[in-house]
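Residue numbers (this note's numbering), protein chains in the order written: chain A, 1 to 151; chain B, 1001 to 1375; chain C, 2001 to 2363.
Hints listed in this document are in silico derivations from the structure and should not be mistaken for laboratory results.
One thing to keep in mind: the hints can contain errors.
To be verified - Counterexamples of contact, computed for chain B against chain A with all Cβ distances above 12 Å:
#1 1149
#2 1173
#3 1188
#4 1219
#5 1250
#6 1301
Claimed, not checked - Okay, derived cross-link-like pairs now, DSS-like style, lysine-lysine, Cα gap no bigger than 30 Å in a straight line:
#7 40(A) x 1349(B)
#8 7(A) x 23(A)
#9 23(A) x 1349(B)
Claimed, not checked - In silico contact screen, one side only, chain C against chain B (beta carbon under 7 Å); selected entries:
#10 2099
#11 2325
#12 2350
Note that CB positions come from ideal geometry on N, CA and C, so glycine has one too.
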Amino acid sequence: MDHENLKNQILSLIPEAEFRENKQFLEIIVPSAKLNSICKELKNSGNTWFDYLFCLTAIDWNDHFMMVYHLTSTKHNHTLVLKTRVDNHQNPEVDTVSDIWRTAEFHEREVYDLFGIKFNNHPDPRRLFLEDDYGFPLRKDFTDEINMIVR
Amino acid sequence: MADEIVKNIILGEDDDYVINMGPQHPSTHGVLRFEVSLKGETIEKVVPHCGYIHRGIEKMCERDTYPQIIHLTDRMDYLSAHINNEAVCLCVENALEVEVPDRVKYIRTILDELNRIASHQLWWCAMGMDMGALTTFFYGLRDREKILDIFEESFGSRLLHSFNTPGGLMNDIHPDFQKKTKEFIQYFRKKLPEYDQLLSGNVIFQARTKDIGVLSLEDAIQYGITGPSGRASGFACDIRKIQPYSAYPKVSFKEIVYTEGDTFHRYKARIDEMYESMNIIEQLIDNIPEGDHALKMKAVIKLPVGEYYQRAETARGELGVYIVSDGNKTPYRIKFRSPNFSNLFIINKLATGFKIADLVAISGSLDLVIPDIDR
Amino acid sequence: MTFNIYDLSSFTQSVDAWLRNAMSPGWASLTEYVVIGLVFLILYAVVGLYLVYAERKVCAFMQNRLGPNRVGPFGLFQTIADLIKLLMKELIPIKNADKVLFNIAPFIVIIASFLAIAAIPFAKGLHAIDFNIGIFYVIAVSSVSVIGILLAGWSSNSKYSLIGAMRSGAQIISYELSVGLSLLTIVIFAGTMQLSSIIESQANGWWIFKGHISAFIAFIIFLIASTAETNRGPFDLAEAESELTAGFHTEYSGIRFAFFFLAEYMNMFIVASIAATVFLGGWMPLHFGTGTGFNHIMDFIPPIFWFTGKTAFVVYLMMWFKWTFPRLRIDQLLTLEWKYLLPINLVNILVVAFLTLMGWYFK
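The whole structure should be built from the sequences, with the hints applied where relevant.
Okay, structure coming up:
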């Protein structure tokens, strides 16, 4: 489905979506409170059918976090970038999407491990790579005088 | 809180027998720990623990300039090092909206496919060795040496090349490259059917791999299992067909898709991919256009503000490079969507209900390279 | 002392006579026992060492490489160097292991194979123990080694060792049946269990040729079952390095590990020599019928070389299997025995009994 049609489809499903500038894919940003239900809509609706989540990550913008989800549909072959803003920088929290796409369970553990973003209703909220008391390395305010080499 | 979760999730019932495979273990290829809870010989649950080789590549890339990042990406999935390099270079080139010369595209694709054959050869050796057929290890490595000799002549290094740079290649290929590659293809075309028969046709091997660890198409899409492991279950996820890059639009090859999804078909998919790789190389090797081996790029590369995503097909699945740039000479955030990270976590679902010996066969057929999981 | 290479019984009898002349009968017997014991010890050690060397060379040639070729000419002293290294290694004691059982286990395995080797006919006249229940004795004592393996796995107090030992125990006990039943076919043909009589009965042709199809089937089953008995080849789950890091002998180091290792190779030798004796004629040269020119030519080669050649051939076959096939899983292994080999064996015995009654074999 091409850009215009997809845009209209999504607007009809999710009136709250804001479209953003992106040269490659269609990008929308949604409010984080409704994240889970919006994702369910996007997955289950026949015209969009976003069943394959191929990248889940987070970006630290110093005063807020941005969760980024890259979705694609194996049936219709269109791609969407879904973003949601997490405003609380000290104790960030967002809903999990692991009940919709099973691969998200592990990507969200990695995001928790590296950024400290907690996911509500996650089935297995443990850290993945690092020790329990390590800190959250990918945050921009993370410093480690001994091990990090800064230019 | 962590203790309770650990007790509920990991250890299962009290009378389960828990053994550890790894982190140092002859058959988990790399440092990975499987905590296996058994009832007799049957597996109840497998919990993988990764992170033993987490080096913080994504954080390091935030400090390095774009040409310097290439050297870090080699070390993620080291068996497809060239493809990792190429993915980052393509992302940067697309962001800057520059087009590399055709010569570069052809050479990059040929090297991709040679790398794929070398990676699948190593996988084949290791799979035979895990199953107990120790001789396959030597036969596979013997032929892989020929590819590594070709690489060494052109790049100076056998495994971790770092030969790509944004804008093209670091140097031109050696004059003997085409001749040696053609000789290798001729030699390998005769050897591959031998290997195929030696292991695939063996009754014991088939009994140990058919109907073991069946992955359904639903699960493959849900868990994001890409590469030959996903294609053996029917998930047509080859990025070389969906979003072709470099010289892939100019070649014709078959995408290997099976529907059974068991260990034997994951094995077969990789063997068939080796045949297809040879076909691709044959279509390209004689037609490499003349020209520059790189574009003239600025000394300091700065990407315009924005976000860029590039997908590439490594030997193990879909690699994604996601660069967020704020206009500086280093990326603001770079994320590598690694294929092995997604492929690892299906192992609990696949191995439950089978025996320990099957766990080895299943993890061998998923072809995991651990540094790619941990980055 | 007369030394006739074709019939070493004259040599052994003359030594015996000399000893009885030199001292009283009691002392002479004691000296004989001690000498035979020493000869077997040395034979065990030397043959074991060189079998390890042979395996490494055979394996290397199949894998397109050279194998040991630096220590000594053609690498012949490699295993001696390895043995010296193992002797000098630290014996790591395990904290919570049962010390008595842990230390006894390797010895039990060695003793079992030692008992079996005593009954093997090496050449005409070189037969240490010639019971009238020869085959039965050999099968019985080689089953004692499973006790050693189970003790080793249990007393190591380690999960890997226990799993390995249990697998091995199940495997050995199952395959003993097939070993016994396949040897039984030749016992029916020959009419006796005494090893020297079985060899004598092959003076006009080896049982594998005389007994045609049934003996051939029994030979194949014996090869498969005995490879499984000795934990070798495609049945080496108990020590599957890529799964359980050495199985039941994980916790053993130094000389104790060397005992298990040596016992495995000597068991292979014993099993190969039983196969050579019962099916391929032991020290009997290749004869077809009686009294022809061909038989005279075959008789030129001394019996000891016939025996060594046949055993070497069967050992080579077993090594060939190991380096070609992948490993079987434990349940596939047990299925193979109980659902395939055992029924074939039983039917084969019925057929052989029928053939013997009707006389439908080459007499």
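Outcome of the hint check:
1. Residue 1149(B), annotated as away from the interface, keeps every beta carbon of chain A farther than 12 Å; the closest lies near 36 Å.
2. Against chain A, the non-interface label of residue 1173(B) holds: every CB pair exceeds 12 Å, the least being about 31 Å.
3. The Cβ of residue 1188(B) sits about 33 Å from the closest Cβ of chain A, beyond the 12 Å cut-off, so the non-interface label holds.
4. At roughly 8 Å from the closest C-beta of chain A, the C-beta of residue 1219(B) falls inside 12 Å, breaking its exclusion from the interface.
5. No beta-carbon of chain A comes within 12 Å of the beta-carbon of residue 1250(B); the shortest separation is about 21 Å.
6. Look at residue 1301(B): its CB is around 16 Å from the nearest CB on chain A, clear of 12 Å, so calling it non-interface holds up.
7. The straight-line distance between the Cα atoms of residue 40(A) and residue 1349(B) is roughly 23 Å, inside the 30 Å bound, and the hint therefore holds.
8. Between residue 7(A) and residue 23(A), the direct Cα distance comes to roughly 15 Å. Compliance with the 30 Å bound is thereby established for this hinted pair.
9. Taking the CA atoms of residue 23(A) and residue 1349(B), the gap is about 38 Å. The hint is violated against a cut of 30 Å.
10. Because the smallest distance between the Cβ of residue 2099(C) and any Cβ of chain B comes to about 24 Å, over 7 Å, the interface hint for this residue is violated.
11. Because the beta carbon of residue 2325(C) sits about 5 Å from the nearest beta carbon in chain B, less than 7 Å, this interface hint is met.
12. Proximity of residue 2350(C) to chain B is violated relative to the hint, the smallest CB-CB distance being about 27 Å (cut-off 7 Å).
The structure does not agree with the numbered hints 4, 9, 10 and 12 stated previously, though it agrees with the rest.
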